[in-house]
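So the sequences go chain by chain: A and B. Just so we're aligned, residue 2 is where the first sequence starts under the numbering used here, counting upward by one. Just so we're aligned, residue 2 is where the second sequence starts under the numbering used here, counting upward by one.
None of these hints come from the bench; they were simulated from the model. Some clues are possibly wrong.
Computed from the model, here is a short list of chain B residues facing chain A with C-beta under 7 Å [claimed, not checked]:
id : residue
1  : His62
2  : Val76
3  : Lys379
Under 7 Å between C-beta atoms, here's a sample of chain B residues computed to sit facing chain A [claimed, not checked]:
id : residue
4  : Glu82
5  : Ala446
6  : His449
Remember, it's a predicted structure, so these values are computed and weren't measured experimentally. For every residue, glycine included, the Cβ atom is placed at its ideal position computed from N, Cα and C.
There are 2 protein chains.
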Amino acid sequence: MTRYDLIVVGAGPGGYIAAERAGALGKKVLLIEKDHMGGVCTNKGCIPTKSLLNSAKHYLHAKESARFGVHAEGVSFDIREAHAWKTETIETLRSGISFLMKNNKVDVVAGTAQFIDPHHVKVGETEYEGDYLILAMGSSPVVPPIAGATLPHVLTSDGILEMKTLPKKLVIVGGGVIGIEFASFYSMVGVDVTVIEMMPEILPMMDAEFATLMRREMKGVSFNLGCKVIGITEKDVRFTTAKGDEKSVEADTVLLSIGRRANIAGIEPLHLETDRQGIVVDERMKTNIPTIYAIGDVNGRSQLAHSASRMAEVAVSNIFGTTHQRMRYQAVPWAVYGNPEAAGCGLTEQAAAAEGRKILTATTQMRANGRFLAEQGKRAGGLVKVIADAQTHAILGVHMLGTYSSEIIWGASALIEAELRIKDVKELIFPHPSVAELIRDTVFAIDHTL
Amino acid sequence: MTRYDLIVVGAGPGGYIAAERAGALGKKVLLIEKDHMGGVCTNKGCIPTKSLLNSAKHYLHAKESARFGVHAEGVSFDIREAHAWKTETIETLRSGISFLMKNNKVDVVAGTAQFIDPHHVKVGETEYEGDYLILAMGSSPVVPPIAGATLPHVLTSDGILEMKTLPKKLVIVGGGVIGIEFASFYSMVGVDVTVIEMMPEILPMMDAEFATLMRREMKGVSFNLGCKVIGITEKDVRFTTAKGDEKSVEADTVLLSIGRRANIAGIEPLHLETDRQGIVVDERMKTNIPTIYAIGDVNGRSQLAHSASRMAEVAVSNIFGTTHQRMRYQAVPWAVYGNPEAAGCGLTEQAAAAEGRKILTATTQMRANGRFLAEQGKRAGGLVKVIADAQTHAILGVHMLGTYSSEIIWGASALIEAELRIKDVKELIFPHPSVAELIRDTVFAIDHTL
């Protein structure tokens, strides 16, 4: 039986990073993956959606740039070609990850891990022994117990990414990040899209004001908020409104995007503590069994690819490293890659109010910004909000809606983690013209003194 | 005679920010501008070029997106419409600045300032008195003493921005930021472009490796490096090569972009010390006359719009503020908004070598990044380099070539100013997928320990 310092189960952005980092430290590492390298993120999530959204953005640019002096005729979108480009991207990334594993001397085994006990895992007939175990099995889309939810035209994000034709009428059940990104993509390429969301607003992690503007900017999409789906047929989706009325909307394709659930089937032999989110872990990603760590969606503490990768590093640092890091959640950025883009990091105004925390805040319009105006025009909507502690003036949150948000937001993470204050951000120099400058302008809007 | 707490001369990104900040502090401020609000940046520099580059980017997207599944026929570019959009952008920004001045109770006078003495300025027949003077008159393009430099088809950036037709053969003399942005724009829209640069490489502030890749990625442009222009005729531009050979290249339009010189005509009555860069200032932007400050291109210490704005705040903080700030140059970001984009902040490897400074550094390829791959493909070139102090491990420089660089780079300013070290950046969470993540990956490439 081959013995390893570490066995990692699942090769998504949690698992492969854990394997890479431990391998780089000279440890003998086994990585087990039942499907493709890269997990949901690379194969069925972050990457394919961004590839399709990029195609849709280029389609819009070809179709709607007359104001910029660009004219084109007969602009068409070929969903099969967009999928082919997407597939090429995915395959390149997959082989990149395989190369990374090789480079860090990680053994990779294809197959389903069968847990025997905290130190033994079987794949097929072969048993492996490990001093430590990192569980990174990810999550799967939740299919709600609604009549018609298993009809063939009712898909989750996994299924819709395989669909090589465009729907005519798409209904999306669930207005979270996944639902909104697909709504953006399909509406950009001309599909009639309806979103049905049970909560009073889409994108619950987002500042409420921003979510409202986001909906308003997604002009091709109909939103039904506070509505509960009660049944799906071959032809339509039925739902009750907030007022209790029953309504229906036609659909030839339905996307269910109401959430994802931790993949914890088969972990019973490990005797791990679990809760509604998944495997219970402490701030070092350690489970109740001291040699077992759980990272990413399987612990459900922050269902984001980059959280999973960071948790991987936290786990490896505690097992093999010198730094014994802890996971910090207060500056985890998120992004919605729709049209428009949105991103945020840190505290929202609503969360501050719920905590009774005293804050200073200001919001600015993106249309006051030179680059935004030059590229989007004065009728485009966009917002930036900054939140700071009322006493210390430390930056606690940055929220953005508008172009480039997803690439700008990382710096907010740096501001928050470095505990920079209002006066420190005022002394930072931002490049002009950039949309990013709005963060600085918003900080000055909180306090203009020098 | 009206008395002011502060008279600001020049309403560019230095002057109008100085007026705004001082006005916001409740000071009585006069702003004098001889041309349009916003100065060169808004009217003849940053903004119009970014507007045109955005048009060109949309043109490329319409023309070259078949790989993404986007097809269009008869794609054409109308330079007049692109200029009209540009003009609308500029006018919106100008009125935004006027509104800002009104909002901060700044008096604005149109006309040329005539300096009488350190406390008196005339505009036309009216004389104004000021306790303090902030000089922000900017700079103008240098026209070199070359035969033919004053021919009508030989333009500076001011002139070429007024040109409402596309050249057939454009020769650009000078491969700095301005030259390269125009080269990008014109080559994207199909013009035959040649750049002639006297130095051995373009973009001297850029890491040498990046500048070389930048040239390689600008496929439609011919570069002649180490070449000196000796004469311009109606038909061509003649130059000597590094080896001393004489050559010529055809041109119906020539852009001179060899540099800009401080606008210091008429300052004699102020008895200010000047040097080759412009008006001499200390780190607080103070001149040799204690009540006169000089900011932006007129002091020539950092010819960037955002440097000018920051200098404005430094000056105002020292005159009227409580913080008495100093200008710091070590984390001033810059960006080149070409195709591809490039940006940087802080120390380059070449500068570190010149100073004999011991550094740690690593470079990563953008094509290893998920978003870059999804949007640009595996054959596109892009690089990220991070430079850290060998002893303290503090981040000293970040350099980028590739899409979104201009919007990502602000965070590098935060890293450098907050004196974050390699280990701190490793603990920051970057959103996935984003091109920005490459900064983190590059930091791990310097040191992979945990």
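Please write out, lowest number first, the hints stated earlier that are contradicted by the structure. 5
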